[in-house]
Each structure stands twice: as structure tokens, then as C-alpha cells.
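*Asks:* Start from the sequences and build out the full structure, keeping to the hints where you can.
Start counting the sequence shown at 2; every next residue gets the next number (my numbering).
Please keep in mind that the hints were generated in silico from the structure rather than gathered at the bench. Ideal placement from N, C-alpha and C gives every residue a C-beta, glycine not left out. Errors might be hidden in some of the hints.
Quick list of the computed label-pair ranges, beta carbon to beta carbon [stated by the list, open to error]:
(1) Phe485 to Lys508: 32 to 40 Å
(2) Val442 to Lys203: 36 to 44 Å
(3) Asp498 to Leu264: 54 to 62 Å
(4) Gly555 to Trp433: 51 to 59 Å
(5) Asn519 to Phe268: 50 to 58 Å
(6) Gly555 to Ser524: 16 to 24 Å
(7) Leu440 to Gln375: 47 to 55 Å
(8) Leu264 to Asn519: 53 to 61 Å
(9) Gln375 to Ser431: 57 to 65 Å
(10) Leu387 to Leu440: 19 to 27 Å
In the DSSO-like style, the derived pairs of lysine-lysine whose C-alpha atoms are separated by at most 30 Å in a straight line are [what the hints assert, rightly or not]:
(11) Lys589 to Lys562
(12) Lys201 to Lys49
(13) Lys570 to Lys589
(14) Lys368 to Lys241
(15) Lys101 to Lys153
(16) Lys297 to Lys508
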Amino acid sequence: MRLSLLGILAFLTFVTFAQRQNGMVADNYAGYTASQFNPANLADSRFKFNMNVIGFNAHLQNNFIQLETPHSIYKFINWKWDSTFGTQNFDYPFVEDYTKERLNGKDKYVYLNTSVNVFSMQFCLTDKSGFSFGVTTKAYAKVSNLPEAAIKTFLQDLDSVGYVKENQERLLGQTINLSKAGAATLAYQQYSLKYAFVVKDKRKEFIKVGLGLDYNLGLYGAYFKSNDVEFQLSGIDTLKVNSADMEIAYVDPAYLADPARRLNDYFGKSRLGRGLGINVGIVYEHRPNSKAYKYKMDRRTHVDRSQNKYDWKIAASIVDLGFVNFKNPKAVRKLTIGSPASGTNWNDFDVADSWNGVEDFDSFANKFFSNVQQDSSFKMFTPATLNLSGDYKFRDNWYISASYSQSLTSSKGNNVKMPNVLSISPRYESRWLTIALPLSVSRYYNVVNLGAYVRGGIFYIGSDNLGGFLTGKKTNGANIYAGFNWPIHYNRLQDSDGDGVSDDKDKCPDMEGSRYTNGCPDSDGDKVADTDDKCPNDPGKKRTFGCPDPDEDGLVGKDDKCPDLYGDKSTQGCPDSDGDGIHDGDDKCPNIAGELKYNGCIELIIPKKDAVPKDTIVLNQKSTKKADEEASKFDNWDFTTYEYWPVLGAYNDLRWAEELQSRLNSKLDINTTVKTIEGLSKYYVTLGRASSMEEAEKIQNILDTPRINKELNGSLWWKKVKK
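*Replies:* What follows is the structure in C-alpha cells.
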């Protein structure tokens, strides 16, 4: 199985994807990418809307192979090396000349990861909440705790000659244990929903939290899990397996490469696998001058959401806590190997060069191992990570941040992981420009990297390992990320004329006005714009077109002949106490509703003597004839006790007659009764049975007094009847 080390690394780099961007995660204008580090960043964002149109990140880190070329990776990518370097190919001569093995007896590791975002978006829902939806393609590869001797045994051919064979001879008789070793590769497409909201915004304290749910669609998976694996080279061409308690699971690459595969095979019912994931985060901000970011505009208090308000903040999150279940029997295999076989010749492994699919590997496993259990499903866990961070603003636009990322998954087993990273990053940050220089240590804090991050306008680019990318000496890793966003920022409301009305709502943006008149001038301050004010220098009300109305009767100027007395439109703004349409100044009976031809009084008619009892008074009748007709109905009454009957008017409603009777009874200290008769759709009320004409007149005089009329006219029920 002849594989060059460079070829292996190139293959792993091609199939892996990931996410660590030390310079970018603290940028308050990073947009969607920052929410992947902590979902709480979505709340109180600087954006109304932001789309990460495309973004990618590629990362390689290992402690076994060191690239030592005369030119940097940057020049290599841009074809700018010298002629000698350019004649090399990518077979062993290249490896011999430009790659060096770091042989120090320590276990080896490899981490490769990249992430790709496409059209991932975040939205502002309210002043205190945010939401995001994203599609990210991710994949991770790890090799951890692999003994140096095991790497040299598996990656080189015993039949080779020269320095390779000499290295193998040094391994003869050496026992190699893989119990702590692990290897895994996982690629999946993640559909992510995140929501964040503010839980506290009081004085100096501000707290927001975020939650996220991921749907993981498996694209590829493989892992090697060692419980107890031990072997040794007993001869130059013999591999003796002492124990082999292990699991090997993978998706057949031949299945993926088959041109007959359809899109449905990856996303439909025939998908390789799927799973779920969760994300949680919290951010605490200390805001000593929170009031300075509040301002009044458009008759309400606003918060300037275009500015960062904290002097320091701390945050914590757990992201990518999830799994992918692979369950396609056509492509998925899991082998559990329980016992060793007898001594195995190394050359027999050369048959692996001709493997075409999962069936060939199954045949190989059953040939060299016994007690092999096979399954068509396996589960892998995504790289759950705990992120802790802090950010300090030491002057306007200048910050220094620190972050720590701790992997929550094991180095061995059916999971992938991110290396632990501790970083510190000073930065300059503004709306359209951010520059950061992150310094980070990782992998037990013995790997130190200097990075750089620049965001200019909608584009950004950065690297956490700037030295590995720009230099060519002793490089054992590289990192680069880039992309561009489509942002719609929050802006402080603008007020060009300084009148407290924002330009968007100001109908007179070039003239200082009032917030009550949509920003237009209001000289008299009556909340009626001068353009609509008929009396621009005298304060009034909107219903009177800005003109004064002291009596508040809705009539002004020439339409109000009594400007200081409340009146009605029918009387040109003058009082009309009895509501007869004749203002009190011209009404000779202002408290009794009358007619204009009687100067506001009523017609008094004395009917014929034989029609009603003596001296009966009948009011409110239209004519003597009509009164006679009605009064004649009283002829049959019993008058044995009393002679005089004051008869009061004709009313359209019996309820009013009874109301009047009740009010009279409360004022008169005489025995009165009510009798009604119906005629011509009106009710006639007789008051009392007065024992004398004097007493009848007394009753009538009381009815005519302004006090009684005022009480009656003040009745809501009476006003309704009058209408």
C-alpha cells in the first residue's frame, strides 16, 4: 500500500471542512459568522439584516510532517517559485526534499477542518430579539494519540529500499499499542435555526441569551476506535497482531463516486444519514453610560442601535452539540473486531491498493481477523465545543478580546473534535473596517500562532496562522478564511433641522418645526402647523383650524356672536337655555321652549268655560279648537271635592309627563295626582286638584320659575325628549 505522506495530507485536506476564526469571532460586525460562535450575538446586533453570501475557512494542524520549502505557501499557490523548485513533482523526491518528519517519540495528531457558508442570513425581529437561518457544509478529520512508530509502520512499504527500509528495521520487535489512538472523518450539511433575545436591560447591566437547533444531513463519515489494539513487527515482512479489540466504520467512497448517484441519494429517502444538534449561548455586557445611547425622536425614546454600548463584556456558549446517524445499507459499514489472527504478512496489505468498495474491505477484515461483527449503521458525534470569551473597549473603536475554546468530545471514538485554543486579539473596529491581530496557542498550548483579520466593506479575509501561510520554513499548519457579506446596518435617526422629528417623517426637513406638526413650523405653539392654521399667531385648536375658541363651542370669528359664552351653531354661538333655537338674548321666555313668533314664549289659551272645569289652564296647544277638543275629555270627571284643575301641556311621551310630575311632587307641599289621557299621539297631564284658583295659580307659577325649568332642562332624559 504505497502512499506518500503528502498525498495523504492532500486527500484529507480535500475531504475536510471546519470553523475556527480567532480574529473574526469578536468583531461586532462579523454578522452571521459571529452567531456560529455564540448564538446570543443575534440579539441587539448592529444589523437589521445581514447575509453571509459566501464564506469559507480551511485549517490544517499536525505535529508529524513539517513543510520546509524555499518559498511560502502563498508563492507556491501563485506559481512564483524558482526554476529549481518548479521542477519537482509531488512524488517521493518532493517529500524527501521539502517535507521533514518530526521524530521525537511523541504521539502524533492531525486536525483538518473547513466550513463553507452559502446564503446564510440573520434578521432583526424586534428591538430586543434576532433570528438567523443558515446552511453550512462542514467536515472534520482527526488523527489523535497515534504512536510515532505506528505511523511509520502503516505509511511506508517494507519492500522499499534505502532510508525507508532502514527506518522499518529499527521497528523490528517493538510493540506498538493503539489503545489511546483514534481517527475520524465526518462531513455533513447543517441547516441551522437560531434565536436570541434580551433578558435584562437595566441601568448598567445587559444580558442576552441565544438558542439554536441544527438539522445535520450526513455526507460522509468514517472512524477508527481502538479499545485494545497491539501489534509488533516480528520480521521485516511480518506483522504480528497481539490484540485487536476495535471498531471500524465508514461510508463506502465508491458509492459516493458512482456517476449513477442522484441528488435524492444524498437528501431524500436514500440519504446516507441525518441527525440533530443544539447550540446555547449567553452574553453579559457592562454598560456604564447606557443613557448616553438613548435619545428622543418622533415623540418617543429610541436607543442608538448603531453603536456598541459596553465597556466590557463576557460570554459563554456551547455549540455543535449533536450527532449524525448513518443508516444506508448500500454504503454504510461498521465492523466490530474482537480477537486477533495469527502473524500477518505486511505484503498482504498491498491488496488494499486494488480495493473498489466496501465489499472488498469486508472480505479483507474477515480474512485477517476472527470474530468480526458487521452492521449497516453507525453514529458519529459533531465537534461539540465550549467557548468562553471576553472583550474590553479601552478607547473609541479600539478593543482587546480573549477567547478560549475547549473541545467537549473525546480524542478517540466515533466523534470529531476541534483542538483547544486560547487566543488574545487586539483590534480596531468600525462599521466598514476591522483589523485584528490574534495571537493563539493550541494543542496543549505548545503551538503558538500569529494571525491577522481584515474586514473592509463587505469583504473579509483572515488567517489564524499567518506565519504558516506567508513563510516557507518549518511550517506544520496553515489556516485561511474569507468571504463577503451583504449588510443592512442600523442607523441613528437623522434630524437635519434639529426639531425632534426624524428626516424620514419630517414634512418640512429644512425648517425647524414642532414634533406635533410633523416637523413643520407652528408659530403660536397650538399643535396646528402654520400652513393649516387660520390664526397662525393666536393659539387655538385643531378643530377650529388653529383659531381661539374661549367658550369651546366650536365656533370662532364671525361665526360666533357670543365668543365668551357657550352656544350652538343654530344660534351663532350664543346660549339657548331652553333649546328652542332662539338665543337667550332674544328669548323673552329663555327657560321655556317657545316659538319665534312668540319671541321664544309659548301660546297661552283659555278654552271655553264649558269645555273644562273653571279656570283650567291649558299650555302648549297649537290652537283653541284643538285645546277645546282635548279639554272636553275632562267633562265627565268627578269634581265633588275640588273645582280647579291646572292642566299642563301636551307631551309626546308618557315618561316625560311622569318625570315632570315626580319633580313637582318634590317641590310642592300639596296633594297632587296625575291623570293622563291619550289623544293625537300626545299625553296630557293634569296637576293637582287645587281647592282654589289661587292654589292652581301657585302651582302654575312654580312650574314657570327658572329654577324648576333649569332642573328639568338639565335632565339628560328631558334633553333627549326635546330633540
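*Asks:* All the hints need checking, so say for each whether the structure fits it.
*Replies:* Against the structure, the hints:
1. Between Phe485 and Lys508 the C-beta distance comes to about 39 Å, which sits within the given range of 32 to 40 Å.
2. Look at Val442 against Lys203: about 38 Å separates their beta carbons, and that is inside 36 to 44 Å.
3. The supplied range of 54 to 62 Å is met by Asp498 and Leu264, whose beta-carbon atoms lie about 58 Å from each other.
4. Between Gly555 and Trp433 the Cβ separation comes to about 57 Å, which falls inside the hinted range of 51 to 59 Å.
5. For the pair Asn519 and Phe268, the beta carbons lie near 53 Å from each other, so the given range of 50 to 58 Å is met.
6. Taking the beta carbon of each, Gly555 and Ser524 are about 23 Å apart, inside 16 to 24 Å as hinted.
7. At about 49 Å, the CB distance of Leu440 to Gln375 agrees with the hint of 47 to 55 Å.
8. A beta carbon spacing of about 55 Å between Leu264 and Asn519 agrees with the range 53 to 61 Å that was offered as a hint.
9. Look at Gln375 against Ser431: about 59 Å separates their beta carbons, and that is inside 57 to 65 Å.
10. Checked against the given bound of 19 to 27 Å, the beta carbons of Leu387 and Leu440, roughly 21 Å apart, stay inside it.
11. Among the hinted pairs, Lys589 with Lys562 is consistent with the structure: their alpha-carbon atoms are about 19 Å apart, no more than 30 Å.
12. Taken as a hint, the Lys201 and Lys49 pair is honoured in the structure, with Cα atoms around 21 Å apart against an allowance of 30 Å.
13. With a C-alpha separation of about 20 Å, the suggested pairing of Lys570 with Lys589 holds against the 30 Å cut-off.
14. Only pairs whose Cα atoms come within 30 Å are accepted, and Lys368 paired with Lys241 is accepted, the gap being roughly 15 Å.
15. Proposed proximity of Lys101 and Lys153 is supported: the alpha carbons are some 13 Å apart, at most 30 Å.
16. Proposed proximity of Lys297 and Lys508 is supported: the alpha carbons are some 18 Å apart, at most 30 Å.
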